[in-house]
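Trainee: If you want the building blocks of each chain, they are given just below.
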Amino acid sequence: MAVKEEGDTSQQGKKSRSRLILRLGALLVAHSGLVSVVCCAAGIIAFILLPVLANNTYISENALMPGSADPAFSSQEVLDANRLTMDILNRGAAKASGIEIAKLLREYIVAVGAESYYHKFVPRANKFHPLHFFSSTTDNLDLPANPSCGSFILNAVGIIRAPRGDGKETIVLVTPYNSQNTTYSDAVSLGIGFSIFSLLSHVTWLAKDIVWLAADSRYGEYTTVDSWLKDYHGPAFPGETSRIVDDACFEENNSDSLDHIKVEGHNSYVYKRAGTMAAALVLKVVDKKEEERDSLSIYAEASNGQMPNLDLINIAHYLAVHRQGLRVKIGSIIYFLKASWVKLLGEMLQHITTLAKRLNPKWKFDITSADYVEGTATLASSIYYQALGVPTGSHGAFRNYQVDAVTLEFSPRSSLNNENVRSAFLLKTGRLIEGVIRSVNNLLEKFHQSFFLYFLTAPHKYVSVGIYMIPFGILIAPLPIVAAALFSSNNGSSNKDGSWKWLQAAKVVFLIHLWAMITSLLPYVLLQLPLGTPSSFASAWAAVAICFLLITYLILWSSSIDCGWELLKSVMIVAAAIGLSLMSVINFSTAQIGAMLIVPMCLLVKPARKQTQGVFAKALMLTSNLALLVVAFPPAALLIAKTLFGASGNIDIGDFWEWAQILWSWNSATYMYLLWIHLPCWVLCLNIFLYPCIGSSSKA
Amino acid sequence: MAALCRRFTGFHFLLVLVSLSISSLVFGDWIGDDEGEQFTEELLLKPLPDRKVLAHFHFQSTAHPSPDSGHHHHLFPKAIAQLIWNRAPCDAVGHFMVQKFQIRDLELSFTQGRWNYENWGGSDPISSTNAKPPGVELWATFNVPVVEIDTTWKNLTHALSGLFCSSINFLESSTSYTTPSFVFGLNVSNIRYGALPREAVCTENLTPWLKLLPCRDKAGLATLLDRPSIYKGYYHSQKLRLTSTKLSGIILEQTLTIVLQPNIQRNSAHSLLDGAIQPSWSISSMFKRNLTGSCVLARTSRILVELEKNIVSKLEELGHGGSWSNSLLDLSPNPFRVIKEVNPFPEESNSILFEYVNSKEYEPLDVGIKWKLPFVWSSPHAPFHASRFLMGSGTERGSIAISLQSTKSDEYFRSKSNECRMQAVVFQVVPWYVKVYYHTLQIFIDQKLQNLSDVIEKIRVTPSEDKKLPGTLELVLGYPCTVQSVALTLDFDKGFLHIHEYPPDANQGFDIPSALVTFPNLHSSRIYIGDDSSVHSPLLLKFQEKNVVLSYTEVLLVPFTTPDFSMPYNVITFTCTVLALYFGSLLNVLRRRIGEEERLMRSKDANKRGLIPSIVSKITSKLRGMPGSKPLLIFAVVLSVLFHYIVN
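So the sequence lines, in the order shown, correspond to chains A and B.
All residue numbers in the first sequence are consecutive under our numbering, ending with 1381.
All residue numbers in the second sequence are consecutive under our numbering, ending with 1134.
No wet-lab data here; the hints were simulated from the structure.
Bear in mind that the values here come from a model prediction, so they are computed numbers and not experimental data.
One thing to keep in mind: the hints can contain errors.
Unchecked claim - What follows is a list of derived Cβ distance ranges for each label pair:
| # | chain 1 | residue 1 | chain 2 | residue 2 | range |
| --- | --- | --- | --- | --- | --- |
| 1 | A | 712 | B | 1056 | 33 to 43 Å |
| 2 | A | 1326 | B | 880 | 19 to 29 Å |
| 3 | B | 993 | A | 750 | 18 to 28 Å |
| 4 | A | 700 | B | 1049 | 33 to 43 Å |
| 5 | B | 641 | A | 1263 | 54 to 64 Å |
| 6 | A | 701 | B | 993 | 23 to 33 Å |
| 7 | B | 812 | A | 967 | 54 to 64 Å |
| 8 | B | 655 | A | 767 | 57 to 67 Å |
| 9 | A | 1028 | B | 1056 | 22 to 32 Å |
| 10 | A | 1214 | B | 1132 | 51 to 61 Å |
| 11 | A | 1147 | B | 1085 | 14 to 24 Å |
| 12 | B | 880 | A | 1041 | 17 to 27 Å |
| 13 | B | 848 | A | 772 | 52 to 62 Å |
| 14 | A | 968 | B | 985 | 33 to 43 Å |
As the list claims (entries may be wrong) - Far from chain B, by Cβ distances over 12 Å, these chain A residues were calculated:
| # | residue |
| --- | --- |
| 15 | 955 |
| 16 | 1084 |
| 17 | 1212 |
| 18 | 1223 |
Said to hold, decoys possible - Looking from chain A toward chain B, a few residues come up when the C-beta cut is under 10 Å (computed):
| # | residue |
| --- | --- |
| 19 | 796 |
| 20 | 844 |
| 21 | 845 |
| 22 | 849 |
| 23 | 885 |
| 24 | 910 |
| 25 | 915 |
| 26 | 1126 |
| 27 | 1127 |
| 28 | 1130 |
| 29 | 1133 |
| 30 | 1182 |
| 31 | 1299 |
In this text, a Cβ means the ideal position worked out from N, Cα and C, and glycines have one as well.
Assemble the whole structure, with the sequences as input and the hints as a guide.
Mentor: Encoded structure:
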């Protein structure tokens, strides 16, 4: 609208003065070049400054009261954990059938006096669902006709009903383990899970039920947890899938089971539920040596950059640091920790902030160089995992059901085989988990007080949505301005065709977007074909896509499009701006990374044949255009990132196929962004760059 | 007689008075007599399979059938009597005030915790009458004309909420109670049912309940009610049951059912695995109080210890039929009497009751069981275990599923042939904001979708009405006894609420009260030998009543979309902004003179400069003290806001 108004004003000229806001708009449009340079630079600088702008986290929900009660987890529970660990290792070594551990766990759960059952399912491969990107896929399981015993996964589940609670809410504990290849750390994590479960079975303060899922992660822990959750929220009526294969597979084992199992053996496969989930914790022990202290790694990213409530991370961090003395780590990208330019930037910022502090002591932008480097590396990993849209652990499955969940991964200081080290480690981790559960148990409402949209720059520092949207906004602000400028200049110069010429350009843009959409759905067709390797899939995909593109161009050619490249560029920029703003709502990180690539490309792109004054300027324009076009091409960007972050190995065309496969199998919106917004934009930019003639009477 | 009173006018008033005085003369000796009003107290103790102990207090007060005793009662609590027939004298105009609450039947329960149907039994008299849903449940039948029932119910909820210090008055709103037609027997249209699942239960509800007892908790069995120990239990249900008939008068039953965990020194899990010896307990160890003497006003005061039939069969196996001191367990002290159940199936064992009479004033009666051998048994289950859960996620829609899972433990069915048909009545009340689509009802039997008409014998649906009526579903299912599982699902949409309709803690979600599943062709009645003794025990009489086996399902929590409750603040700021803009532009328009402006513009265009020089010139003019123009002002404001933002 502003564009139209602007056109009107330029036409009407000096007849009457328009309102201030329009005049300001006109001013911006008139100086669009300057504005876009300033905005882009400001956007990127502000983005780089995010680690400086991060705030300290705080516990927003008062009801959580972390650490206000003394932990009851004692050496008794450590003994329990040790006993189970030993039992698992002994039994697991004796029989490798995969269900021994589940049986053992159930015995322990029953002995504690809690309800328990087996959850059983057949893992299925993720398929390409073109229309399932935003729906949590709850398709009914159709059993294979004759499933074999080995393909089933058996999880032991225990439920503690809160003695005085009303059973409306639950807290879920998940301990993944691999039943085929049970490592020592798997056994220890099961031990911790059980010791906490047995502690909670006799505490008096429980208000929410506790569900402990010992997830057999033979085929991936996410699959297991997700299938359990699907049954929890779906019509898994008692004894549905189980009975069919039950008797065939487990007959021989039932005979030697203990008496008390027999007491309630008849309903051990009946799926039991326990109310709405309040929060979930995934516990893991990893046996990688830490330098100084036992450490806790928190993983929180779920699919499509969804995060759990910040309060959940806060209580885990608070209890780990201030109560149990653990080192809390959050994933960081090592490249940024080592890169010298980041260090240099950090030192510069340190000088600037000290200077700023001297000017006004109230300003709190106080950051040391080391902090900045670490913050940047953590922020980068935070953005990377959110942008990828792939969950970083089985906690991601909970987010599909609006349950806040985190993975807590513990790693000890030295080897767990040492008795003393292990009991100290178990005591710390057990108390931490007890504290977290107790805090969540205190919660009357579900998590809603704190942030859901944030980046972490350190375990105790976050950048909230209110801050990180500003650089993005500044970055994409020039897009509509430049579009308006191009439109008005084009309309002003050639007045003879009327103002409907942009429709032609819009047609081109629309067709290219249509092509991109078809390309994005191609894998669904390709997967039906018997193509063997990923590389053949990838080449077929590329070939078909290019064919379609050529057909699109033929159609465009035949319909004799007549519009200048300025109009085309202006419509393309508008489409890109709309796409980016939509994407920033769906998955901000993807939009941010995409914007950093697309926006300069869109703004700078010009036909290669366009005459400009000066050889130097022309060369500069050409090289920058070429460089941006290369960098913004998704496969090229992937390759560059791969080489930059030191992932060695030969590059195969099949990698792209696998990469895309990961994205769609996790229902990542990034796939959609890349193929619906980024790719058409890139193709259009290429089109403009290779534009045949410069005049307004050109053909596409 | 009370019902007649309403029709009487002033003239008849005298007649009534006369008749009243006559009746009081006639029955005068009744009132003072024990037969007229009596009070009994009983306590049933029962070991439960999961190392817990059930304690069931049963206090019963009866009052004279005639309402004429009016305000004068010896034992019967006056507050309750007034609930039944509260007669006010004539008012000034001469009309009789209608008796306040013509209650025929009333049951009010306050419950904390959930009854564990799997471990604590599902088909015995205790579970079918005293297992209640969490929170408050109230139902009542009235003796008043249909049009007056709703107002009577409303007044009743207020009276009860005052009496028991709780929020029963929330049941007053028509969105929270309903009229079941066939779940609670045959009485149609004069029954009202309501439940408050979120009501917390605490001592403040127990104290007024105890005040209804003639000895309160100062003497008798009620002295055992040590608050910390009874509220530490796993289940706590305090119930008040009121029946009034013309024949028997008012019967007030007050029961308190608690499940306690006797103190055990906690062993590790492994030792639990090895030897599952039950914890020994006694009254003094469980309640932390000693029982000395009965309430002197009580006609009987006794303690019963029940051993379930599965224990008894084990005892019989070991060769000590009804003995209380044997190799398995030791009951101390020696019981006064042994009461045995008579079972329709002679080959099976029956439960045994050991009776103690609580009369000694100086020596505490410390009944207890000492276990000697590890022993595991199971409680009698209901034929089907009912559970309910939500399906789906998100804040838009979902479905409620009720599943009945065969417990397969009941020999009762195995003995029956294939044509045996099971009946189950499902009663489900859903608040209006959960918009249930009743046409989506699907019934699965053994995972197979059934034709509804084959399974449903009778159905009654009252669809919800926004902000007026809750939805009610009453359903009689008929299916073969051999069925393994029955499941029914109902889809619903989550409604949008007005901001003031959200309850406190709206972010927790909304509760759907427990559904009730009854099995009308199963009864939990028991027959005891030694009838003359049991006649005087209201508790045993209660056990012999034909009670339908029933079970309550879980309360469900439905997460709803909640607005940002700080929104009013945002709305205020937004409206203020809009108002400010409106008045600003209005004043601007009023102040303007268009002709003059155009002239000004024309003169300005003559010496037009670029925008930046003109701004510069304006700034300089501002500096010189000239009145600044509007754009400059806005520019300055924007600058200052930006500066302010950066500084903060």
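Trainee: Each of the hints needs a verdict: does it hold here or not?
Mentor: Each hint tested on the structure:
| no. | hint | verdict |
| --- | --- | --- |
| 1 | 712(A) - 1056(B): 33 to 43 Å | 35 Å, holds |
| 2 | 1326(A) - 880(B): 19 to 29 Å | 37 Å, violated |
| 3 | 993(B) - 750(A): 18 to 28 Å | 23 Å, holds |
| 4 | 700(A) - 1049(B): 33 to 43 Å | 36 Å, holds |
| 5 | 641(B) - 1263(A): 54 to 64 Å | 57 Å, holds |
| 6 | 701(A) - 993(B): 23 to 33 Å | 44 Å, violated |
| 7 | 812(B) - 967(A): 54 to 64 Å | 55 Å, holds |
| 8 | 655(B) - 767(A): 57 to 67 Å | 59 Å, holds |
| 9 | 1028(A) - 1056(B): 22 to 32 Å | 42 Å, violated |
| 10 | 1214(A) - 1132(B): 51 to 61 Å | 56 Å, holds |
| 11 | 1147(A) - 1085(B): 14 to 24 Å | 48 Å, violated |
| 12 | 880(B) - 1041(A): 17 to 27 Å | 48 Å, violated |
| 13 | 848(B) - 772(A): 52 to 62 Å | 59 Å, holds |
| 14 | 968(A) - 985(B): 33 to 43 Å | 53 Å, violated |
| 15 | 955 | 9 Å, violated |
| 16 | 1084 | 8 Å, violated |
| 17 | 1212 | 36 Å, holds |
| 18 | 1223 | 38 Å, holds |
| 19 | 796 | 8 Å, holds |
| 20 | 844 | 5 Å, holds |
| 21 | 845 | 5 Å, holds |
| 22 | 849 | 4 Å, holds |
| 23 | 885 | 7 Å, holds |
| 24 | 910 | 9 Å, holds |
| 25 | 915 | 6 Å, holds |
| 26 | 1126 | 4 Å, holds |
| 27 | 1127 | 6 Å, holds |
| 28 | 1130 | 9 Å, holds |
| 29 | 1133 | 13 Å, violated |
| 30 | 1182 | 30 Å, violated |
| 31 | 1299 | 30 Å, violated |
Hint compliance for this structure: hints 2, 6, 9, 11, 12, 14, 15, 16, 29, 30 and 31 are not met, and every other hint is.
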